[in-house]
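For the record, the sequence lines run as chains A, B, C and D. For what it's worth, the working numbering labels the leading residue of the first sequence as 1, then goes sequentially. For what it's worth, the working numbering labels the leading residue of the second sequence as 1, then goes sequentially. For what it's worth, the working numbering labels the leading residue of the third sequence as 1, then goes sequentially. For what it's worth, the working numbering labels the leading residue of the fourth sequence as 1, then goes sequentially.
Hints are computed from structural coordinates only; laboratory data are not their basis. There could be a bad hint or two in this list.
Identical chains blur together in the list; that is why a pair holds if it fits in one copy or across any two.
[Stated by the list, open to error] Okay, derived cross-link-like pairs now, DSBU-like style, lysine-lysine, Cα gap no bigger than 35 Å in a straight line:
#, residue 1, residue 2
1, 154, 113
2, 86, 364
3, 397, 103
4, 78, 195
5, 364, 391
4 protein chains.
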Amino acid sequence: PESPLGPPPPSEDRRLRLNISGMIFQTWESTLNRYPNTLLGDPARRATFYCPDGDEYFFDRHRPSFEGIFRFYQRAHKATADRPNKMERPLSVPVDIFYAEMKFFDMDEDVIKQCLEDEWYSLEEDPYADLPTREPHRSIWLLFDYPESSFAAKVIAVISVSVIFLSIAVFCVGTIPGFDTDPLDSNANGTVLEKLDRAYQDQLFCVETFCIIWFCFELVIRFYASPNKCSFMKDIMNIFDIVAIAPFFVDFFMIVGGFELQHGSSTSVFVRVLRLFRIFRILKLSRHVKGLQVGGRALIESTGAFILLIFFICVAMTLFGSILFFAEPNSPNWDSIPGTFWYIIVTMTTVGYGDVYPTSIGGKLIGGVTVICGIFTLSLPSPAIVTNFNKYWEMSKNVIPTLDKEEPSGGV
Amino acid sequence: PESPLGPPPPSEDRRLRLNISGMIFQTWESTLNRYPNTLLGDPARRATFYCPDGDEYFFDRHRPSFEGIFRFYQRAHKATADRPNKMERPLSVPVDIFYAEMKFFDMDEDVIKQCLEDEWYSLEEDPYADLPTREPHRSIWLLFDYPESSFAAKVIAVISVSVIFLSIAVFCVGTIPGFDTDPLDSNANGTVLEKLDRAYQDQLFCVETFCIIWFCFELVIRFYASPNKCSFMKDIMNIFDIVAIAPFFVDFFMIVGGFELQHGSSTSVFVRVLRLFRIFRILKLSRHVKGLQVGGRALIESTGAFILLIFFICVAMTLFGSILFFAEPNSPNWDSIPGTFWYIIVTMTTVGYGDVYPTSIGGKLIGGVTVICGIFTLSLPSPAIVTNFNKYWEMSKNVIPTLDKEEPSGGV
Amino acid sequence: PESPLGPPPPSEDRRLRLNISGMIFQTWESTLNRYPNTLLGDPARRATFYCPDGDEYFFDRHRPSFEGIFRFYQRAHKATADRPNKMERPLSVPVDIFYAEMKFFDMDEDVIKQCLEDEWYSLEEDPYADLPTREPHRSIWLLFDYPESSFAAKVIAVISVSVIFLSIAVFCVGTIPGFDTDPLDSNANGTVLEKLDRAYQDQLFCVETFCIIWFCFELVIRFYASPNKCSFMKDIMNIFDIVAIAPFFVDFFMIVGGFELQHGSSTSVFVRVLRLFRIFRILKLSRHVKGLQVGGRALIESTGAFILLIFFICVAMTLFGSILFFAEPNSPNWDSIPGTFWYIIVTMTTVGYGDVYPTSIGGKLIGGVTVICGIFTLSLPSPAIVTNFNKYWEMSKNVIPTLDKEEPSGGV
Amino acid sequence: PESPLGPPPPSEDRRLRLNISGMIFQTWESTLNRYPNTLLGDPARRATFYCPDGDEYFFDRHRPSFEGIFRFYQRAHKATADRPNKMERPLSVPVDIFYAEMKFFDMDEDVIKQCLEDEWYSLEEDPYADLPTREPHRSIWLLFDYPESSFAAKVIAVISVSVIFLSIAVFCVGTIPGFDTDPLDSNANGTVLEKLDRAYQDQLFCVETFCIIWFCFELVIRFYASPNKCSFMKDIMNIFDIVAIAPFFVDFFMIVGGFELQHGSSTSVFVRVLRLFRIFRILKLSRHVKGLQVGGRALIESTGAFILLIFFICVAMTLFGSILFFAEPNSPNWDSIPGTFWYIIVTMTTVGYGDVYPTSIGGKLIGGVTVICGIFTLSLPSPAIVTNFNKYWEMSKNVIPTLDKEEPSGGV
Ligand SMILES: [K+]
Ligand SMILES: [K+]
């Protein structure tokens, strides 16, 4: 008696009645059968919930969640390889409850995962999944990469962070006049030992050497213990490690080789630039500080917004710069259009050092317009960047514990 | 048995029962018949879905969406020419799903389009709809206006953008002392060829000429190939093109004509101002950069907010300026109320160059109040402008693919 | 058969069934009868909608709206004089639709008005409600207070705004050296006419006199035509008008009386301060610019947030000022704790003129902390103020046209 | 006839039907019985609402609220000690209505409290709950700690705040040259009375002594009257009181003891630092100003965001500082990497005093990048801090009056 009399639905298709805690859903049997691996799609499994009284399937489950799950079946025929069918959480249902309902109705794992990702949620994962299997690799890897795994591991992590801070401090202090003796200066003569002896009279160089020894030790032992050598070499964190060490060895071999730097020579410039790479050590911190990783990922995700911002700034710079130059051509502060760019930048960002500023009435008018445009130009991409940061920050916190597959039972 | 006994409804009006996947809607037949061209409004078409069992029309469709569609029928009698009936999407339904339901129930195309626009969505349009029909116009138009149509077109686009950058660079560099030889200076004597020869000894003028040749070539060939000459001339982008070229030809014909500029003469000022128009070339970039177009449209849409902001700033400037002048009348930094305006602008926007600042206690107090008022005055229109930018940015991305009209079928 | 068997509900109370387009609501008859003046509360009126088939009352009305209207009846017994029952719009229903439903079910006018105000909406009001009844008062009042009523009224408004701008310009220009001749200087001798003759050789004083004549004319004629003299005198706008005129007459009578100002005398100071009141004319603009009124009302509404902000700034100023003074006691920039306050203000607001700044390491550290605290202190009340502005701005735009009382009819 | 035929639900479990004003909910009896102390969980109490007609329980209550309450029963079996079951308010229901429904269905007090806290609401509490029971303690405590309890108490509060302001003013004024005579200077000789006589010739010291006497009086009498001496000593407010008084007594006893400060001695430094503690008096204000308490709590709650921000700033400082130093090594403004830190701070916060700024093209480029990075770095934690402030501010205002337990009755 359930089949309609109208022509289109195939005559063997029956209308089913689902009772979700008193809320009635009706649909064609074929709609449910689109996903035969789910609880509702499999005639045998859903039969467990059949109540002859009312000729319906009764589920004592969360009603608002079921609107979302029901829609998933209805939308199935629209799905293409290009636009696969997506499970969408009704706005008013909390994510963890919807997750439990998806598990109960036995949705596909991929569908569940995609749905959670869209909500900035992630499923709890076993952090110890990728450990090396053999000993002592396994113990060493735990010691160096899982600070929370043991007290010793925590001590190692603290030492590691301290050495990073120490080496950055040495880098900064080494530029202060009085401390800035270059171990390469007047170090050309004598045997290797004499050269090293002279170099190590500089206490900063000693501390630097100590830091490098620790970094090398850490890198080598982690490489030895790593479960996969190939992915270890590709990890951006380990590349930072190597880049941060390199400048020291160039210095070291130049001392050993007896090079002497001439000021202004191209070698001198090369060494200076290479030494600047020591600042990459600060990025080693991101291994230990979650906030830096989140910030970095947000920065990468916001590249588009940043490029647009920089493009906007460049356009505004050229536009306002040339108008300003024509409004105040004889200013002592600039002598050409490119000369006004620094003023425009300093003004648009509202820094206003005061080293350059317009003096004529026309220039001041252009200056005022520039500030106001600058404030709004800089506020345009701000929401995008803040949103990206929040997204990754939330995702790193929004972890819901994995549920085991429930055995379907009518009483739940 | 479906007709009510109460007096008001006309006796021939029946109460219909719609079953949307188990959710029951009831209404008078006349309510549905208000839109006879839709699936529900046409008795013959809705009969396909009639189920005698339950005396109802059964649709296996999305339930939450139907609340919105049902409301459209109910509100019809309120619609006037002034305030037409609008389809409103229920908050919890995603736009693409609501679009599919509107198509299924065969709503009017205008109604659907209006509904999508209100949601900052647009329907996918065929970008190649307005192409010229004849050859070679069609191929040329594709080559110059559709960079994604072929590899050659992409190359043309890259060249075009490069030449724009080049010409802007020439414009900026041309003001740097040493490069700023004016081709009009001391160029009055000699034959035309001699004059041109002297002018073209300036390398920047050569590059400038090359850029102009490209711009002219591009403009002329695009005009030749354009499908509609009239709308081509009215397009703001093409007007920018013409304005950006004009200054060169004035210079060129003055060289040929042997004009010599006297400093301070009105001709000299006119030529200077005209040359400033070369900066319009930066607006030619908007043809190639979507972000600039979006920014421009958002700027135009936010005109109201900007005028209010400027008005607020002017009021605050006069108000605080006069109070400040009376609080510190003998300051070395200003000698009158208009003289304080620059200080007030620089302070309200928190730029604070430091060229002018109050020195008395009273002046500092007024200065402090000015900053705080300025910060809040500038934050008032900020949300409006950011929202406008986001709206157009979203609309340029939120494109849903057009669905074909579905043949109504009971089984969906 | 509708009455329940359980003990508490009084035996004469019946359970009613309301069918809102297929959505079923059930409640006790006494619940509806709590508001006997409404459509549902009056047994006779609701009987029109009774359908014996199903023993229910059928309404072909908007379903989601009815959740809100139904709640109003249910919550009635909680209402006290202190906390009256409030109609609350369901989140997903647009305001104009909910308004139509409230009118249909014939809710009390006060309830409807309160509900709309909570949503930042207002009902359209007849702007011409308070006009004077007699002529020529009525015509004059329309001419001066309703710019949109006729072309002549628009001209009057433009003149009025222009004269305001003119008088402000005169006020500002009058302080520029060369224009700042005081009509009171060396004007003690001679007859009244001679004194006035000397005063009116100053062209600015002539223009000022013209502006004052217009202001007086406008004020007097509007007072003459005003429908209610008493409320006219209490209107803040008219008080601004009087205050803006007053300084001129003091000047004028001092010229006539032959006063001569001695620099530094208390009379001189009094006259100077009084002249500053001329800047109040800028507030006269708010009669003509809606944005200024909205801004003013938002400012008044945000007083609490501003007081808290100023209190925060004072606390931070004292706190950071004293720490900074102890960190850098021998700075050339300050000699005491109050001397650092200007630095703290300039730093917290990120203006940073550069006239004062710390030079020691300790001072720079405190300075850095001060900036960061300042940025966050100033961002705290920002949302409140922006929200207030938006609220009044929206309310001045969100006007829904008044609906007439619908005659209840079953067919809608 | 209610029991299903499918195997899983235990055969004695019945399906119950709840009718909430016409909305039907169905569930297993065992589901409701999970909370036997609630109205629905207790078979005897729910029987009052049983209607044999329809075999259902009829409640004339708020329908949308019941979705939340019903879910609480359904989710009970998921609750563990680690993740207790939580009542969650449906988005569309106002908090006070949901509170009334929770009370009606007699939920556990803890569940209600937790639910309200999650919504930033708190229940009205009796402010006079913790009063001392004996007299005169009770009257004194009311007088000093409950300004709103009587007119005398209000006067005391005003005096208290005034004395705080007075003592801060004395502290600030005492550093102005001319007022900054140190009572310890040249005060070594003579009897105690002579020393005190000399000290009290300084008027500021007299006012300071008066303030201290009031503070001591207030502290002692409040300690005497406090209901619990132990928690009184632990209250952070009272600790502020003691710390704010201490410096005076050190000064006082040094005068009495005849100490003479030598400039630069360690005692001198100690006394100076101790005197700085007098600024803690400003924190005494937080007892009287709700905004300060809210601000303080928000600050404490936002510690995480602040630490991340400071860490970001430090990383950016080192990174940009070293790049800048290598780009412009011979600047007159800095001589080392740490020397650039002040510039970086001043630039990232957009203060820009102008005492240091880059002069080379490379330096200006780095400077521009630094500003833009700074603006975004500082905007990242801003939402978190503003949200925290709003949360506590709302919670201090969102107080709903406690409802008494309603006697369940069928008619509501
Ligand atoms: K500055
Ligand atoms: K600044």
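* To do: Kindly indicate which numbered hints from before are broken by the structure, ordering the numbers from low to high.
  => Result: hints 2, 4 break, sorted rising.
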